[in-house]
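S.K.: Add chains B and C to chain A, keeping to what the hints say.
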Amino acid sequence: MKKLTSTQIAEITDGTIAGDDSCTISGVAALQEAEPCHLSFLGNTKYKPQVLPSLAAIVIVPPDFEPDAPEGRCWIIAENPSAAFSIIVAEFAPPEIVFSAGIHPTAVVDNSARVPEDVHVGAHAVIEADAKIGAGSTIGAGSYIGHGCVLGENCRLHPNVTVLARCVLGNRVVVHSSSVVGSDGFGFIPGVQSHEKIPQVGIVQLDNDVELGSNVSVDRARFGRTWIKAGTKVDNLVQIAHNVVIGERCFIVAQVGIAGSSVIGDNVILAGQVGVGGHVTIGDSVVALGRAAVWGDVEPGLQVGGEPAIPRREMLRQKACLKRLPDLVKRVDALEKGE
Amino acid sequence: MKKLTSTQIAEITDGTIAGDDSCTISGVAALQEAEPCHLSFLGNTKYKPQVLPSLAAIVIVPPDFEPDAPEGRCWIIAENPSAAFSIIVAEFAPPEIVFSAGIHPTAVVDNSARVPEDVHVGAHAVIEADAKIGAGSTIGAGSYIGHGCVLGENCRLHPNVTVLARCVLGNRVVVHSSSVVGSDGFGFIPGVQSHEKIPQVGIVQLDNDVELGSNVSVDRARFGRTWIKAGTKVDNLVQIAHNVVIGERCFIVAQVGIAGSSVIGDNVILAGQVGVGGHVTIGDSVVALGRAAVWGDVEPGLQVGGEPAIPRREMLRQKACLKRLPDLVKRVDALEKGE
Amino acid sequence: MKKLTSTQIAEITDGTIAGDDSCTISGVAALQEAEPCHLSFLGNTKYKPQVLPSLAAIVIVPPDFEPDAPEGRCWIIAENPSAAFSIIVAEFAPPEIVFSAGIHPTAVVDNSARVPEDVHVGAHAVIEADAKIGAGSTIGAGSYIGHGCVLGENCRLHPNVTVLARCVLGNRVVVHSSSVVGSDGFGFIPGVQSHEKIPQVGIVQLDNDVELGSNVSVDRARFGRTWIKAGTKVDNLVQIAHNVVIGERCFIVAQVGIAGSSVIGDNVILAGQVGVGGHVTIGDSVVALGRAAVWGDVEPGLQVGGEPAIPRREMLRQKACLKRLPDLVKRVDALEKGE
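Protein chains in written order, with this note's numbering: chain A, -8 to 330; chain B, -8 to 330; chain C, -8 to 330.
Hints listed in this document are in silico derivations from the structure and should not be mistaken for laboratory results. Among the hints, a few may not be true.
Since the list gives no way to pick out one identical chain from another, each pair is judged satisfied if it fits inside one copy or across any two copies.
[Stated by the list, open to error] Under the rule of at most 27 Å between Cα atoms (straight-line distance), these lysine-lysine pairs were calculated in the DSSO-like manner:
no., residue 1, residue 2
1, Lys39, Lys328
2, Lys328, Lys314
3, Lys310, Lys321
4, Lys314, Lys37
5, Lys39, Lys188
Chain A with its partners taken away, still in its complex shape:
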């Protein structure tokens, strides 16, 4: 079994030893779950009280951490304990699974599709006519790539992903299982007898380094494209409607829903369960706090929260007043009685 000493860990992580430099660990764990054979880390000040009681022999801590390590244990002081911890996690990680180049004999690849030799196409995957897959990509088992899709290099589609006709993915795009790229936008002309479907003939374009989590839905555009720009990361169970445009390097956290034609700037963070209305414009670097209901436009750089979403400070003031509301009612009662 692989083992690392305090000294080795300090070297690997570029950290400083504080305490017993002969501690030895053979794995990693969270503070509360750790055994004496583990290394752990303090990544969130909330967990500071867990460091001393933890059984972990070695803990990676930030520079200002106190108190000293007790006898037989050791702190490794690092500027960014979480990043340092990731380095040690990698040391003990199981070997990465290799999906070797080649088309599995059960995969169905149309003759007109272009699949370079170094691409992995998993069992039961389907690649339709005129699709192009970039070099070095991995198409997971059971995944479906529709007619005329274009995938860049080194894309990674996990098993059971669906990418429908004509969608375009850049390089290094990652899509997790059960996600759907290019389902029809939700567009109908309402009628009294029945609703008429508005053809959704556009595409979805995912630029370089976009990552989609599992069970994500990205609808194709009514015309033109639904577009997620480079470096944006999308968590699980997110809904992205037709003709939405999301800028570069955004974080779209789990269960967010973005309605049709909304335009989101660069470096935006939409926290979990946020809703964004249709035809809304959100400026660069906006942060929408968890569950915010963004029904209207938001200026660049704002932090917003609440329903409807308003600037964070205002929202907090409202929430604080709301807490005091029962008391306020009593005070008004008293004033009316002339007390």
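M.R.: Chains B and C only, in chain A's frame:
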């Protein structure tokens, strides 16, 4: 490359030319993304300020639109610019993908299943015993049709759809990828040592012209049926629990959740992220605004919003007061001080 | 067609006949949908007014039910009408579908995988290298079991489920269609030019008798495990982020989202659309009401609701005051005017 002139567009859309009748376009785009070779449209008054700055040579506008088109550009005046635009979108749309009749050699179709000759069964699809597929239907690659399911004519199941045993779909039902029809309802008898599963032996019935988006879950009934009536359209990532009944021609927008045994009338609109509690009755033509939490019954025709959902007007008044709450606290402070 | 009389039903359900003991039914239905040939039940006091108008010949009611059954109909008095009804539902349920032992010829099972003879592996399922499946399990058509996964005995994976590498499932674990176990946790080191992915090298562990609904996402841990303990039931479209720990026998209702590293005790109920923030601790036996936004820790045994979630009683008081807020504003107006 296909091209259309102002005159041709006016003819096709039954619109009126206002401006240069010799403009020529070779594609469609949104106002802000348009190049001079594009036609665009004003479908939402919010975008009115974008019409003049747009580079689009031709813009479809409503009858009351002002100002006039500048030189070298052209407005097409139409009663319903969005519908007229769809007609032109169709002119430039790529040819529809044809899924030709026949069962793909890799599909697994039970001998007892009835699949007419004009049905398309995609690669790796599975059709279990005693299932019946209606004429003209398309079963996407990797889709699963359980034992004894009955699908009507001209249904369209996109790739990787799951329809479980004994569910019944009408004619022209559309189901998008990764959606599940007939997973077990969430029913358990709670116990101290363990919870006992309540058998879910009913079915799901989707009537004619129902459309389900991607990643939708419709649970089978505990007994009888979970039932979505004719013409109702369901967006992505929607949860429909066991024994729910949804009326005709409803719009159930993305990420809505409807708890068990609730009954929803005809022509209801549930906007994005709405939640409906269990055993709730919602009358015909109700509109629940985005994120409404409908914990109780709603009379026909009402517009409701908020949490818990209340009539829209009341909700707006509350929200307005809430905004003024910090100020109200100060005013009560002042009154108490006798100012 | 199978028929049961009042007397037979009383015997089977251990109930007491009140009314006509010669009634005969040939099926079950909800009170409002029932025909004279049906048995129905009163499982929720809300439906009490539906019992008399119902056409059901026989209705299972609780001990205190009034009035008496009219001529030609019959009540069956049972301590737990819903449980008694389930027994009769089972009498009329279609025969359960048998997925017979054996590996379908189209399934792709790695030579190194261990699959006992009594396991059912459906069409087009994929079982990767070094995976172990427990005796008596059913792997649905199109499902994917990743490298080194371990499944216990009598597990049931419905069609099109994805379980990714190295995840561990106990005995009798049920996973419904389109759910994903082991997608990557959403972890990135934010950068100005691009975000760097934090490797997610942990696993997901689902203990005995866990059930996951359809379209559920459970992310693998950054390190260690995302862990759902024995007997917990998870509904559809739920998001469970990396390193979350959920205790025993919880109910996690549809569309709940639980952010990273949160720890949930035993016997917890999270109702529909609840959100739980990251690094939150929820004590044993907590109930979070529908749509609650649990951003902070919750003491054991509490009922919480609202956004942010607060104790139920406090939340109801706030909601009540909120309703009276427009009136309160008027009263303060009046006080200021000296009325």
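S.K.: If a hint holds in the structure, say so; if it doesn't, say that too.
M.R.: Now for the hints, and whether the structure bears them out:
no.: 1; hint: Lys39 / Lys328; result: neither (51 Å within a copy, 45 Å between copies)
no.: 2; hint: Lys328 / Lys314; result: both (24 Å within a copy, 22 Å between copies)
no.: 3; hint: Lys310 / Lys321; result: both (18 Å within a copy, 15 Å between copies)
no.: 4; hint: Lys314 / Lys37; result: within (25 Å within a copy, 32 Å between copies)
no.: 5; hint: Lys39 / Lys188; result: between (56 Å within a copy, 25 Å between copies)
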